[in-house]
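The primary structure of each chain is shown beneath.
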Amino acid sequence: MGTGGISVFAERKNQILVAGTAGETIQCDRPSLAGAVSQRACVFCGARVVLYPIADALHLVHGPIGCAAYTWDIRGALSSGPELHRQSFSTDMREREVIFGGEKKLEQSLLELIEKYQPKGAFVYSTCVAGVIGDDIDGICRKVEKVVGIPVIAVQSEGFKGNKRAGYSAACKALDRLVGTGDTTGISPLSINILGDFNLAGEIWLIRSYYEKMGLQVVANVTGDGRIDDIRRSHGAALNVVQCSGATMELARYMKEQHNVPFLRVSYFGIEDMAESLYSVARHFQDVDWKVMERARQIVSQELKDLVPEMKALKKRLQGKTAAVYVGGAFKAFSLIKAFRHLGMRVTLVGSQTGTEEDYREIQQVCDPGTVIVDDANPLELGAFLKDNDVDILVGGVKERPIAYKLGLGFCDHNHERKLALEGFLGMRNFAREVAATVESPVWKFVPRRIGRTTAGTALSTERKEP
Amino acid sequence: MVPSESTKPRQNWVSTANPCHQCRPLGAMVAFQGIEGCVPFLHGSQGCATYMRRYLISHFREPVDIASSSVSEKEAVWGGGPALRTGLRNVSEKYGATLVGVATTCLTETTGEDLGMLLHEWRKEIAENPLTVREPKIVTTPCPSYDGTHMDGFHAAVRSLTEQCAQTTAPHGKVAVFPGFVSPADLRHLREIFAAFELNPTLVPDYADRLDGPALAEAGSITEGGTTAEELASLPGSTAAIQMGKTLTDSLSGAAYLESQWQVPRRILGLPIGLRETDALFALLEELSGRETPRAWQAERGRLIDGFVDAHKYLSGRTAVVFGDEDLAIGLVAFLTEIGLKTTLVVSGGKSGKLAQGVERVTQSFLENPPRILSDADFRDMEDCLESQTADLFIGHSKGYKLTRRRDVPLVRVGFPLHDRFGGQRILHLGWRGALSLLDTIVNAVLEKRQDDSPVGYSYL
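Those protein sequences? They're chains A and B, same order as listed.
Residue 418 in my numbering sits at position 417 of the first sequence; the count goes up by one each step and never skips.
Residue 573 in my numbering sits at position 14 of the second sequence; the count goes up by one each step and never skips.
One chain only, chain A, in its complex shape (with noise of 0.2 Å):
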């Protein structure tokens, strides 16, 4: 079976798959390919990703300018006291440090930094030159902290020791060293810790909002909206609620087995997802207060009240369109393409960056058959694919958002950029009139893969006066 004449690259070819393929499996979790421009980032990234949000920490990138440059304020996680996260603070490494050291450079850093800003924690992040030169970031965040009396916790992010997930992994070590280090008391035992939600335009807000109203106490939002000592004492809620592939996953098996804190794992993006996040929370409560249930029903029943004729109201206007998704993590995909199906649409090619097998494995099965399956592509891949297929929208970041545009297509921004709630009931709406807003514009009447040439051609009539 075709592959949409997206292989480009032999190395590759195992890394493409079409839905309804009997036996075949995708090879994934692989180095990215040299010189393919792979849409993935690095271990640092992966990193800076989940801890970023954590308002009330210090976030010091030991290494030279860039990497805390280009992680400068970029995502669009919010607080709702602090805002110490939305500086970016580096130890400017210059070459003198390369040279001889930037131990010393680091420690000045950290104590200056915490004296001025006062933060509850530091997180120092390790990157590929102060991973090389040897530099004991560990050995140094131990001799401030005793001195300082906060946690302040070194990030093994090297950039090149891995892709974005090994930075996820590194980042859970991190949270790891602060969880059951606070003090538990008057903790409910209806009680949960929010993982793996980032709060991106609030949505951590939005969730916490219906788990509240469920008669849940949230101890700690790991790490959306997250503060340093929640975090610490987060080993005293009753259940971790876990969203995402991987970023946090690896946190809440350490919880499990240090602490014996169950987790479930949920998603809170789409309709049936959403609700049943809320459902298995509340049927795993139910032996203690059965009302956890009728009132997860009730918020449900509310907000679908409300949301249901929008989306039919909105479906029978896509109806038939199609879409591509190309996101991060592949828990985002499975939620896509079921989002998709509420709008009568249809998803041709679906593919993320650090998808697992067996997230490939889910996403075969949920897929219509012939869809394409791609791990850690790249633009010409992805361009291919556009080509030869006629899609209405490609979901991804702003990595992707210019091939649709220059191709002529709607996009929609899924990524941790974006400024727009697309988590829970009200989420889905907005995801809604956001592929709507994008499919039905004027502008793709214009754009030369519509008509076929990039010369003039749509002029209105033009009047003639017959002399």
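The set of hints was computed from the structure by calculation and includes no laboratory data.
Be aware that a few hints might be false.
Cβ-to-Cβ under 10 Å is the rule here; a few derived chain A residues that face chain B [as the list claims (entries may be wrong)]: (1) S39; (2) Q88; (3) S89; (4) F90; (5) V149; (6) N164; (7) E277; (8) P310; (9) A314; (10) K407.
From chain A, some residues computed to sit far from chain B (all C-beta separations above 10 Å) [claimed, not checked]: (11) F45; (12) P152; (13) G163; (14) S281; (15) R296; (16) G321; (17) K339; (18) A437; (19) A460.
This structure is a prediction, so every number in the text was calculated from the model and none was measured.
Backbone N, C-alpha and C define an ideal beta-carbon position, used for all residues, glycine too.
Chain A is already provided as a structure; the job is to place chain B on it using the hints.
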């Protein structure tokens, strides 16, 4: 009196907070985009390429492909040669690159990768296992991210392109132009200005088309446009080499190379921003072409001065803070000085050591008190410095927004990066036309602020 240039203001911070510049390889990636058929390539970890693509895409709103050797732990220890070779093969065979601009990064500089040797191995490999396509030209430029800024990377890549592509060429009457890191709109305007004197410029680099291109029917692997290989090769036959920008050192100047190595006369201009710096450009073009400035262009200059007069009272006595790349900052200060806006502070992440001198050159005999200059500085330094003073207007890139938002002062956005406004790639800074358009923007920013703050809400201003 030359204003004193200080690298550290009141507080002696060790760390950097909220940087005013980017790292060296980023600039090289922009410069390589300006060459026809070129795929910019980073020899380093995958993250660098991805971060820089994202950073550039958010400004230019165009596809920006940057290949990477995706150096992993194994290659960091045992050498990145195999990764580099696989990468070069892929960009040649799959992307159809005719030129690959390879920059190192902090990682590969620190592990001590020797690009010369790596390329030698690459040639050996393709001799044994030939490419399915024509071998692309490879231009290399060292980019230790811990040394210098994105501007050094930009100029270094331009210099490397010139050095590594130039060939003995008979004089051909074209003029080599090294415009520096300006907008695609600026590059297009320069082409137009040179054409008005019937001069044929070779812009190095010229990313006007690749970083601000038309809608396409299908995705080509490399977008069209850019300085061609032939143009690069024939640079030594140019009648003159014009260097725009006075803060770069000769070792990073393509024009300096053409002068010292090929005896092409070099002419150095400031970035032609505002009246006087643009006059210098037109005077030079009159000299090089032996023609007078055409009437239509003289009229453009006349309209600019007319605009100066119309605007002067809105701006008189007002103060401004300018920040960003050094040559751009000098050009802006020159212009602001002409229209009666007093610059009180100039901040740059650059550290050429020539910023104060440049500001002095363009403000002398105009300003009683020279502006304070901070180089190798970040936004926290700027904030520290501003504690006791403020200004009516800030002029610079997007990253200053937070500071101006807190102070409730208008920010006129120019240069790079513009991540919070539309059309950054189309802002025209250069020439009389660019000055007039900046003038409109600046006066309107002042008027808008006045109108918003006014309890009356006049609709005539």
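So, going through the hints one by one against the coordinates:
1. Proximity of A:S39 to chain B holds as hinted, the smallest CB-CB distance being about 6 Å (cut-off 10 Å).
2. Interface restraint check for A:Q88: the shortest CB-CB distance to chain B comes to about 6 Å, inside 10 Å, so the restraint holds.
3. For A:S89, the suggested interface contact is upheld, since its CB lies about 5 Å from the closest CB of chain B, less than 10 Å.
4. A cut of 10 Å between beta carbons decides the hint on A:F90: the least distance to chain B is about 5 Å, and the hint holds.
5. Against a cut-off of 10 Å between C-beta atoms, the interface hint on A:V149 is violated, since the closest Cβ of chain B lies about 15 Å away.
6. The interface hint given for A:N164 holds, since its Cβ lies 7 Å from the closest Cβ of chain B, which is under the 10 Å cut-off.
7. The interface hint given for A:E277 is broken, as the beta carbon of that residue sits about 33 Å from the closest beta carbon of chain B, more than 10 Å.
8. Annotation: A:P310 was flagged as interfacial toward chain B, and the flag is violated, the nearest CB pair being 34 Å apart, outside 10 Å.
9. Interface restraint check for A:A314: the shortest CB-CB distance to chain B comes to about 30 Å, outside 10 Å, so the restraint is violated.
10. Annotation: A:K407 was flagged as interfacial toward chain B, and the flag holds, the nearest CB pair being 5 Å apart, inside 10 Å.
11. A Cβ of chain B approaches the Cβ of A:F45 within 10 Å, the least distance being about 6 Å, so the stated non-interface status is violated.
12. With a least CB separation of 19 Å from chain B, A:P152 remains clear of the 10 Å interface cut-off, as annotated.
13. Not every CB of chain B is more than 10 Å from the CB of A:G163 (nearest about 7 Å), against its label as outside the interface.
14. At the 10 Å boundary, the C-beta of A:S281 stays outside the reach of chain B, the nearest C-beta of that chain being 35 Å off.
15. With 10 Å as the threshold on Cβ separation, the claim that A:R296 sits away from chain B holds: the shortest Cβ distance comes to roughly 41 Å.
16. Every CB of chain B is more than 10 Å from the CB of A:G321 (nearest about 23 Å), matching its label as outside the interface.
17. No beta-carbon of chain B comes within 10 Å of the beta-carbon of A:K339; the shortest separation is about 28 Å.
18. Even its closest Cβ contact with chain B, about 22 Å, leaves A:A437 beyond 10 Å, as expected for a residue assigned away from the interface.
19. For A:A460, the non-interface assignment is confirmed: its Cβ lies about 17 Å from the closest Cβ of chain B, beyond the 10 Å cut-off.
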